[in-house]
Every structure is written in C-alpha cells, then in structure tokens.
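Chains as they are written, first to last, in this note's numbering: chain A, 455 to 584; chain B, 455 to 584; chain C, -3 to 215; chain D, -3 to 215.
For the record, the hints were derived by calculation from the structure and aren't laboratory data. Keep in mind that a hint or two might mislead.
Unchecked claim - Which bits of chain C does chain B cover? Going by a derived footprint, with three or more residues having C-beta under 8 Å, they are:
1. 75 to 87
2. 142 to 154
Unchecked claim - The list that follows gives simulated cross-link-like pairs (lysine to aspartate or glutamate, DMTMM-like), each with its CA atoms no further than 20 Å apart:
3. Lys64(D) / Glu31(C)
4. Lys64(C) / Glu109(C)
5. Lys580(B) / Glu30(C)
6. Lys15(D) / Glu117(C)
7. Lys183(D) / Asp95(D)
8. Lys183(D) / Glu132(D)
9. Lys473(B) / Asp563(B)
10. Lys183(C) / Asp129(C)
11. Lys183(D) / Glu60(D)
12. Lys64(C) / Glu184(C)
13. Lys580(B) / Glu31(C)
14. Lys571(A) / Glu60(D)
15. Lys580(B) / Glu132(D)
16. Lys580(A) / Glu109(C)
Values in this document were obtained by computation on a predicted structure and should not be read as measured data. Quick reminder that beta carbons are idealized off the backbone N, C-alpha and C, glycines included.
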Amino acid sequence: MMATDDGPDIWTVTITIPKDVDRDDAGRTFEIEVSADETILAAARREGVWLPADCQQGWCTTCAGRVVDGEVTHPHARRYHDEDREAGFALLCTARPRSDVTVVTDQYDELLAFRAKHDRPPGNAKFNDD
Amino acid sequence: MMATDDGPDIWTVTITIPKDVDRDDAGRTFEIEVSADETILAAARREGVWLPADCQQGWCTTCAGRVVDGEVTHPHARRYHDEDREAGFALLCTARPRSDVTVVTDQYDELLAFRAKHDRPPGNAKFNDD
Amino acid sequence: MSDDKTHAAGGVEPGDTSKRVGMEVIRERGVDPEELREKLIDAIGAEFTTYYYYTNLRMHLAGEEDYKEITEDARLEDRAHFELVVPRVYELEGSLPNDIRDFADRASCPDAEVPTPMDDEGGFDTSELEVEDILEVLLEAERCAIRTWSEICDMTREADPRTYDMAQRILNEEIDHEAWFIELLSKERDDEINPAGHFARGEPGDAPYSTNNRFNDSA
Amino acid sequence: MSDDKTHAAGGVEPGDTSKRVGMEVIRERGVDPEELREKLIDAIGAEFTTYYYYTNLRMHLAGEEDYKEITEDARLEDRAHFELVVPRVYELEGSLPNDIRDFADRASCPDAEVPTPMDDEGGFDTSELEVEDILEVLLEAERCAIRTWSEICDMTREADPRTYDMAQRILNEEIDHEAWFIELLSKERDDEINPAGHFARGEPGDAPYSTNNRFNDSA
C-alpha cells in the first residue's frame, strides 16, 4: 500500500496471466497500482494490460479471475454470489482492491462451470444438460 | 362405471360447483358420464356445464379443480406436478377419469397460491413477494 | 396509486386521477378490470414467448420455404399482438412483470419449444426431428391462442368494447394461423388436402387485423 | 451435424454439407466460429431482453413525451438488432436456446428493470421513482451494449467481415443511444447541457444503420 494524504488508498495488484491463453502476454505477470475506488480491469487497461471483459457491470462473467492473495470488494457487480467469493472467484471489471492483491486472470470457463454446478446463470443457461 | 363392449371405459364424474363462484350454476352438482379417453372439461362443456378453462393444455391452470374422490390421469398436461396431485389438485382440461370421480371446480386461486408456496409457475410469477 | 383507493364502482370526482372512468365503466358493467388486466398480461405473455419460440421453429422447417414463410407471418403477427395490447395493460393500471422470466412463466400458453433435445454443440439434435413434429407444435400453439382470445372475448363482450375489439382482431389472425397449420400438417403428415382458404399476406407479418398504428411500420 | 465432424481448419469436399466454407474461412483466420457464435447469442440475448425491459421503462417516463419517444426508438432498434443477427447465429450452426429463460440468463447485459419494487396491485410502487432513475438504467444498458459490440468488432475485424459489418452497424446505433441518454440525464439530473448532436429518427425505431431487409418493414 502506498501512503496517500488525500484521496483513496492505493494498493499493489499483481496480475498473473495464465500460460495457456491465446494472447501475447500469456504466462506474464504484471504489477500495477490500483486505487481503492478503481476497478482492477480499468487500472490494468490503463496500464496497457488488456484483460478480457464485456459488460463491465459484473453480470456477464467474461472478466472472471481468481484471487490468490489479498482482498477485493464488488460494490457494483450485478451478479456475484457469496459462493463465488468463497471459491476465490472475482469479477475483475467491478473488483476493487481492499489490500495488496494477487489475481489470476482468464477464469471465464472455470466460473461458467462453477456457476452451472451451483445452478446459477449464465452457466446453467449455457450447458445443455437438462 | 358403465359396461361397454367396445371402446374405452366410461365413468361417472360428479362435478360440484362451489357456492361462491360468480355464475348461475354456483352451488350446483352435476353428474355426467365421461369416457376414459375424454377430458372432464370437454365432457362437461358437451353436457352444457360451462367450466372455466383457457389453454386446455394443462399449462395455465385456469381449469384447476380438486379431486374429492376417485382417480384421474393427466397424460397431456404441460405443467402438472407430483405435489399438485398429492394435494388433490387436478387440471380438468386434461384430466381423464380412471374411476368414478367426484371433483370440485374453480380452484384457480387456490392452485395459484399452492404453486407460489412451492415456488412453481405461474403462482410465483403472479405474486410480487420478492 | 394510493393504497386506500377503493375499488367500488361509481363516481369519479372532477380532476381525480387516482381513478379512471375508463375502468369504472367496465366495473359498472360487471367485469373486474383488474382481473381482466391480469388475464391480458398472461395472454400477451404467450404472444411474446411464441414470437421468441417461432424464431427457432421457423428456422428448423429447413428446405420448406413455404412453411418457413408462413411461420414467419405467424411469428411477426404474434409480436404485433403483444405490441397491440401492452398499452391496454397500462390503461388498466397494470404493467409488464419486472422480470422477463416471470412474463414467460405466467404466459397463458405453453413454451413452444423445438420438439427435440439440444446437442452438445450449441444446436439441436435434429437426427430424429421431422417437419410434421414442428408443424404440430405450431398448430397447438395457435389453438391455445384461439382459446385464450375467445375467453377474453367472452369476458369483455358485454362490458368492455375496447378490449373486445382488440381481442377479436387478434382472434381473427389466430384463426388464420390455425387454418394455415391445419393445411400444412394435413398435407405433410397425412397427404390430405385440407385448405386454409386464405390469400397470402402482403408482406411478412402483415397483421391485417391487429397492427397497431399504421403510421408506425415497426409495430 | 454428425458427432465426428472435426473442427480443424481446412478443406471442404465438393458437396459436403457437414462443413461450411463460410465458417472455415473464419477459422483459417484465427477465430473460432463456434466461440464467436456463442458470443453473438449472448449479445442478442441482451438486445432481446432490453426490447422487453424498455417497454416498461418507456411507459414509466410518464409526462415526458420526448423521453418516451426516444426510449421507444431505442426499444425498437434493439429489437431490430436481435432480428439482424439471428440469421448469423444459424449460419454459424447455432440456434437460440430452447428455453426463453435461458436466453435471458445468458444475455451479456443485465436485466434493465424499472428501478422500483412492484406493489401489491400489479403495478410498480412509483412513490419514490424519479425520472432520472429510469434514464440512468437506460444509459447503463446502452453502455453495456456498446462494450459488447465493441468486443465483437475486436473479435471479427481481422477474420469475419460479415459479422464485423453487423456489429459495427449495431454499434453505430448503440452509440447514438448512449449520446441520447447522456443528453437527457444530464439535463434532467444535473440541469446541464450535454448535446447528443443527432437529428431525430424518421419514424419510431427507424434503425438507420441496422435494419435488416428494407423490403420487410416489420424487421
């Protein structure tokens, strides 16, 4: 955490891109500063790290990631459940840091399967297992 | 039951109209013959007893009744649940007799409330209790 | 709408906007406008869901251009029915459900699904699907709609000329639709000639009886 | 579609209808057409649900005829977007979900509900509802749509001119819509002049960029 006299706290967010994603930055790790009232996605894109996203309202789950260490909050997410949090999932488009944080990106498929398992959208609407 | 050499069995269906419905036949009881491959609704309307109905596909529940005695089957109902049966509800538009039967008509409001209590449509879509 | 509004029939004070003469005249004639309104919501729920479901059904009438185009007419006309009656729901102090899933759940007719399971690749398993199976779903959906709008004609005939007018216009088209699908299913399944007896629509979804606002081609 | 169809890029034998050159050219250029198709279904799920939700939102902009008519434009244009892209989903060997509730659940944008609870009489409790609350829901729905179609432009720009063309045409209208609602919300909430800079549509839901088939006024 950086000391700031004015404005919100600023935290260090470590972003790990999985090795197997189909982008140039696969396998890389970035460290960025994110203020407490900024989303991890917006901060990353500002710093030139292009994380996947779509609605940016915490609904579609395209931006799903996993929190490996630290704490985030999702004040404006439209579809984020206690069980998502307990399983370590975050929606990076709405997630704001509340401590120094380490996240792994590109967890859309994983969250979709998790949601389907818990009979939650959009996972249960995407798999034809009925 | 009437004896028949050819065709399906024919059963006696006793239809009781509740006293408090807003129709001329409120409080009356009718006895009609219904063959095993005919619905109670169709037989009643054929005999001039105008029971309420809408979709006539066992979906909308407008024709809901209660089986007081005897047995019916719902081979073509689109939305009829085990718990409906256990609670004595029938959808008269699709219900066919499997014995002599006594039914009470005009149970739409009751079935709606029952469905809502069990979080089933259309009851849960009609009450704004969320 | 205040909670203490009474629903007894009768007088509306000058300038009172908490009551509508357009509803009280119905109540005075023995029909509960709130009950009618809720039935209208159910009925247009079915029009709205068939608009959706007919999209898939139409597409799967593959290789049958004539069936596809007739289904497209029915699809767009059902949408026109939804558009026609929504304002009436509001006039009767109602609204559409705040959740589209509730709208589907309370629709007065069944979901008109493609009668085959989905496969694992995002489409339908069409290996066992026959054209006549689709035509039968379409036919039964139209029959349900005929029953619904006939019920609404019954409810309104003596008490509510405005809703009756809408209901009979929609019913006109639903009866057209049943006749079409009886013709097509009879020929396809039974090789039987069972004419609908209509001329073709001018353009897809022409809705000759029910279209709202001729100046607005999108309705 | 047989189960053993391979998805490797490459040759399509003469007369082979189990593969589509229209998909293989996309795959050869590095985009997975199946993944794209599923994203298109999500995107038009949002267009379809906003078509529904804007009906209620529009009605509740009571007494604001100008806001109502602009919302009606957006409502009918979102419907046109759904109509425009459905055929593309099929071309890419997909279909709409067989349950309308699944379509809503997988929509890429949130339900755009009227931002007030329903009351016990079948309508909304409007006692605390402000015009600006509705305009904000509309604005955020348009912003979501802009993000979605921008993503689809990104996915298709180098590989799929046909889908790219649709996406950019829809995006054009979504950007119109955001500008409208920024203008209206700025004035209503902040008494601030923030012009959209557009001329009015010719008729409700004109969809100047996205309308499919000009010969079919119903699309």
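Cross-check of the supplied hints:
no.	hint	verdict
1	75 to 87	violated (count 0)
2	142 to 154	holds (count 3)
3	Lys64(D) / Glu31(C)	violated, 28 Å
4	Lys64(C) / Glu109(C)	holds, 16 Å
5	Lys580(B) / Glu30(C)	holds, 13 Å
6	Lys15(D) / Glu117(C)	holds, 14 Å
7	Lys183(D) / Asp95(D)	violated, 41 Å
8	Lys183(D) / Glu132(D)	holds, 12 Å
9	Lys473(B) / Asp563(B)	holds, 15 Å
10	Lys183(C) / Asp129(C)	holds, 13 Å
11	Lys183(D) / Glu60(D)	holds, 13 Å
12	Lys64(C) / Glu184(C)	holds, 14 Å
13	Lys580(B) / Glu31(C)	holds, 12 Å
14	Lys571(A) / Glu60(D)	violated, 46 Å
15	Lys580(B) / Glu132(D)	violated, 27 Å
16	Lys580(A) / Glu109(C)	holds, 17 Å
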